[in-house]
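Undergrad: Below, each chain spelled out in residue letters.
Protein chains: 4
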Amino acid sequence: MAKKPFRVGMIGYGFMGRAHSNAYRKVGNFFDLEHEVVLQAVCARSEANAKAFADKWGYASVETDWRKLVERKDIDAIDICVPNNLHKEISIACAKAGKAVLCEKPLAMNVAEGEEMCEAIEKAGVPNMVWYNYRRVPAVTFIKQLIEEGRFGRIFHYRANFLQDWTISEDLPQGGTALWRLDAAAAGSGVTGDLLAHCIDTALWLNGSIADVNAMTETFIKERKHTLTGKVEKVGIDDACAFLCHFQNGSLGLFESTRYARGHKALYTLEINGERASAKWDLHDLHRLQWFDYKDEGKLRGWRSIHVSDHSGEQPYTDKWWVPGLQIGYEHSFVHQVADFLAGYAKGESVGPTFRDALETQRVCDAVLASAASKQWQKV
Amino acid sequence: MAKKPFRVGMIGYGFMGRAHSNAYRKVGNFFDLEHEVVLQAVCARSEANAKAFADKWGYASVETDWRKLVERKDIDAIDICVPNNLHKEISIACAKAGKAVLCEKPLAMNVAEGEEMCEAIEKAGVPNMVWYNYRRVPAVTFIKQLIEEGRFGRIFHYRANFLQDWTISEDLPQGGTALWRLDAAAAGSGVTGDLLAHCIDTALWLNGSIADVNAMTETFIKERKHTLTGKVEKVGIDDACAFLCHFQNGSLGLFESTRYARGHKALYTLEINGERASAKWDLHDLHRLQWFDYKDEGKLRGWRSIHVSDHSGEQPYTDKWWVPGLQIGYEHSFVHQVADFLAGYAKGESVGPTFRDALETQRVCDAVLASAASKQWQKV
Amino acid sequence: MAKKPFRVGMIGYGFMGRAHSNAYRKVGNFFDLEHEVVLQAVCARSEANAKAFADKWGYASVETDWRKLVERKDIDAIDICVPNNLHKEISIACAKAGKAVLCEKPLAMNVAEGEEMCEAIEKAGVPNMVWYNYRRVPAVTFIKQLIEEGRFGRIFHYRANFLQDWTISEDLPQGGTALWRLDAAAAGSGVTGDLLAHCIDTALWLNGSIADVNAMTETFIKERKHTLTGKVEKVGIDDACAFLCHFQNGSLGLFESTRYARGHKALYTLEINGERASAKWDLHDLHRLQWFDYKDEGKLRGWRSIHVSDHSGEQPYTDKWWVPGLQIGYEHSFVHQVADFLAGYAKGESVGPTFRDALETQRVCDAVLASAASKQWQKV
Amino acid sequence: MAKKPFRVGMIGYGFMGRAHSNAYRKVGNFFDLEHEVVLQAVCARSEANAKAFADKWGYASVETDWRKLVERKDIDAIDICVPNNLHKEISIACAKAGKAVLCEKPLAMNVAEGEEMCEAIEKAGVPNMVWYNYRRVPAVTFIKQLIEEGRFGRIFHYRANFLQDWTISEDLPQGGTALWRLDAAAAGSGVTGDLLAHCIDTALWLNGSIADVNAMTETFIKERKHTLTGKVEKVGIDDACAFLCHFQNGSLGLFESTRYARGHKALYTLEINGERASAKWDLHDLHRLQWFDYKDEGKLRGWRSIHVSDHSGEQPYTDKWWVPGLQIGYEHSFVHQVADFLAGYAKGESVGPTFRDALETQRVCDAVLASAASKQWQKV
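Protein chains in written order, with this note's numbering: chain A, 1135 to 1514; chain B, 1135 to 1514; chain C, 1135 to 1514; chain D, 1135 to 1514.
No lab work stands behind these hints: they were computed from the structure. It cannot be assumed that every hint is accurate.
Said to hold, decoys possible - To be clear about the criterion: a stretch of chain A counts as covered by chain B if any three or more of its residues have a C-beta under 8 Å from a C-beta of chain B, and this derived list gives those stretches:
#, stretch
1, 1235 to 1247
2, 1339 to 1353
3, 1371 to 1381
4, 1407 to 1413
5, 1425 to 1437
What the hints assert, rightly or not - DSSO-like cross-link-like pairs, simulated, lysine-lysine; straight-line CA separation at most 30 Å:
#, chain 1, residue 1, chain 2, residue 2
6, C, Lys1454, A, Lys1359
7, B, Lys1257, B, Lys1202
8, A, Lys1359, B, Lys1429
Every residue gets a Cβ at the ideal spot worked out from N, C-alpha and C, and that includes glycine.
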């Protein structure tokens, strides 16, 4: 049976452009789907860059103006892989053009923008998704499944960290194509939107809503040369952010993120402690789930290191890949996200994290930043 | 050369009574000291209990009234191993009697008590120490040494956790000899004084003073049967406590403790992230130091798992024990503390953590509890 | 610049057919190469199976007779992904037809076959390679690089294990498409050719030639139902094999493989102990290298856990992928192998492991089996 | 109730003299026993050394001639902590004098000596034990218990390593008080008797008799200066030894030991793979048991890291010590051995490993050395 095309137009060609493109190219080899992804066009301001990317990844055409791309009739979906300050305008245009939208995270610069976007998207009724990809690392999805099976009992604690060390040097500039994440004008915030947003998305998904937060932020390097202006300018982003919170289910949360944790590259860790079981996971060894089950025989209780690569079909996604013991990596979370999105797309069902889900994460991020500024507990 | 006697009178005979007694008995076998510890007397309200303990550990005599013990002329030092609400009265009596005092942690029920104790102790000029033993786990002492060698550069982050899971059951009562730690009247606080106090002592020692704190506490099980009254009573202690803080050196701190982290028995972990190096340690594998050194050749950088059992004399304490690769355990931290105390005692020098040091920890604990109550940042 | 096509004809469509196809599809997205891989045809005895596979992976055409495929003019290279007993005939046909050959491991059923194959291949002068993919796991390639940099000094020990547990059940049959690895007629041997061959290939590459071996083998389950005949038949393969050996460089080797090590799925581990450094690696966490360097400062010596995901270009392959801390997986070793093969292909250079290299591994395998049979040390 | 004295005379005052003395001093504090150990006398050729040791450890008297010690009426048991070449003569003298004997391992220089010793000991009927202490590391004893509970099913594999790195330097001399382990005349063999003997003792205890062995040994540094003669002399010991074997129960064994494994200090590891479960343990983290249980729910199977510090009484020995999560160390294995010995002593029962048990280990060691010399499989 011939597959239906799912024609993607990609805006942006950076790190995430590569990660998404790879996912689009692989998904059909490993998942049975009604649709076949067609890499229809890539858009970048520089035609040369767009062409080079199109050549590398097999996009059929290029655009240099994202508005033109959005208006093209031969495109079913737009993938937004540009800095955060452009998300709103593009996604609203997509909604108006009736395109499905797959938007990089965080959703927006702030809640106000996010609400506007959700309104437009939902009014248009277009399929939409935000790339909080870590939900679909098999070990993380597995935790969700274990929660839904009722294995944890009452939850007492949730803690998550996202630790990096790449901005410690004072010589690193801010801004521009490569370093827009350090520029508040383009990124909105620092680690809060870039890293904690991931932790928050997963937490809301696994442990439900957050009621209130109490945060502190820090900017360790106060001034950096700006790539675009060439001048030393004040750094507007948060280098580090930590917060306490209460979840609606009564559990306590503790979150921390920084780019100044020497020795950690992308150490996203999470842990849930329930009455009957606990689980831990970290991104540096993403194929492993640490699991403690109180119903194990007393003298033999211990943390299990589960190599999430089973082939029985009982662990999420892993039966699509190789054989037990052979690990997958970072990029596969994107493949899973595309697979799930397309499965929902075929049925006309929305698949999380939607824009609406991502708005909830945005609300927590905004509350975190507001709490840090006011030095007060902040309701979400 | 004959050694001088150091005649100890022990008050209490519980878990800590055993840990200290073991340390007194072993220290002379492994360390060269001017003094020989003599287990002169143990005191308990029940003479039978005191005698059984004396038999087991080789104490020469027993007392049932701690005041009598403190007044005995044949005692050089009193070891206070009783619940927190008795620390003040006993230690002040010791000071007046001119005895050296070795007091279990936390120092007191609160800062007010602690100040009174410090005043009495310092006025009397008696040698004094508080049993914050984790400073003297070799891997922890090693971190102190590495800090003093200037290996970390500017410190950005300090984080510590103390996670347990032994009070999750609702059927566990509070109070009495075995469970006084769950009774606010005897313990003063819950995990804050019992567990976080350890984390704070180590942190102040390694990373300097804390400027302000912002805390949340929780009591998950609100009522428990009281062992002494037989009635179901309100639980007055904190089951969990987490706080954010700023250190005076500009680094950010994150602390958490709970007795509701299923799967963790006594998981005290700490991590320091500096500009040039990071270190991690945890009590469940206390003989290992995790070390990341940025000056390592780039492509070969990684966290080193150092088995702290060297015999070169360059790692603290380890050359006193067995041979490289053969680990020591929990109890050895107490032996080291006695060894250091006696080395100072012989020279008339005070050895930390003194009562004054422990008062600083008490100040942080009180600020943490005050912050949790007021929901505000609290200066220390 | 337009890339030159490298037109592949794949024979077989099983597990390895998928792994290779995935590599062919991805290599151009991540590596800059003169050639572009074209998936020209896939061959299977069943046309339906061939078509399904071609649809899934994008092969342009199908064949049901491998001889026809080999004769096609529009094919530059043949990939042999069929059971071991077919390797010889096909590869010799390829040589005669002037095709490049990429053959699954082990090379052949035995040394005699392997010599015939090498002769044909080398006479024809066609580019050739055998899929010992583990050489190109970045952490493993990294060890090779560290050896070449002279960091180990004299080598004393080399040990490798390949432990699995998937054949413990007596109910598992032997033979047929899915289980040909358990059928001596199709596989030649059991774990020796399937698993130890990988360990041996890596070892020869990293540590040089093996002089002699002393082996034991075992077949734990003596009879299994045969899928093709339906009858219970004697099991002809080795379920487990272990051997001692001397390398030509004077170091001692210890190798073991089994499919009866409960709890291990595909645990290929290797360790090298040199005078000045040691390295360890295991396939279950393939992105990590364990490294011990004696030139580290004494008190800080420890095993480093290196997350091999650097972006500096100093670690092999890793700069082609994501960012530091984001791991790759099993499949990437195949991508690297294709990338290296094509880089050599463009320059007319042969890239190991060639058929000749794989023949050396075959020699060790044969000596191992002969030693197990004779219960004697066997020269290689 | 007053305890009966168990008066020990110790011969030797080196590393093992300390380890045993520490055990004698501690055992009564942690175990309830009918006997109280009395450190009656220590014997060394140098009176000064003997006195210093007696002072340090509390021995009541000293001797300089072991024969005198053995004849003393006020001694119940002799502890033999001298080099291997003296074990036979002393232990036979003890037997004749009717003393209980606790002898360091390995039992003897060879099987012939060992048989003579067993005969004398058994004829005399004296309580006897050999210090294969690793059986009594709680995690190891726990494995024994799990085996006896039938949790493994049929055993397929047993593997053990003992890896060190302390003799790599060519400048290290051989012989004399400190380095007698490198002198074949004093030690009998190198790693085989020193390290593999431990692995073999544990293996025989856990997995039953060994039928035959096939070994290789190596001496990497052929000549070393001899401490006693001052001359460079041939090294007579084995620096490394590895062997394959068959256990009587049909499982395969793989053993290796070396002092040339850079990075490993005292890494004794063992692993057992059974039909239904597997277990792993290593001496560098001796308080942990790695456990894999096939009866765990499929999708949640993984290796459990069990912190063997339970307080329920269901894990061996651990309830005698501190609280869950607080680890014990190397020295505690000796305490356990004394505790078990004395419990048996009180009942007139013999406690393994007896001289007879240790003779079985000696038989395997001799067969290993004979196999290495003959390059043949050797029956035990």
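Undergrad: All hints, please: hold or fail.
TA: Against the structure, the hints come out as follows:
| no. | hint | in the structure |
| --- | --- | --- |
| 1 | 1235 to 1247 | violated (count 0) |
| 2 | 1339 to 1353 | holds (count 4) |
| 3 | 1371 to 1381 | holds (count 5) |
| 4 | 1407 to 1413 | holds (count 6) |
| 5 | 1425 to 1437 | holds (count 4) |
| 6 | C/Lys1454 - A/Lys1359 | holds (28 Å) |
| 7 | B/Lys1257 - B/Lys1202 | holds (22 Å) |
| 8 | A/Lys1359 - B/Lys1429 | holds (25 Å) |
In the structure shown, a violation is registered for the earlier hint numbered 1 alone.
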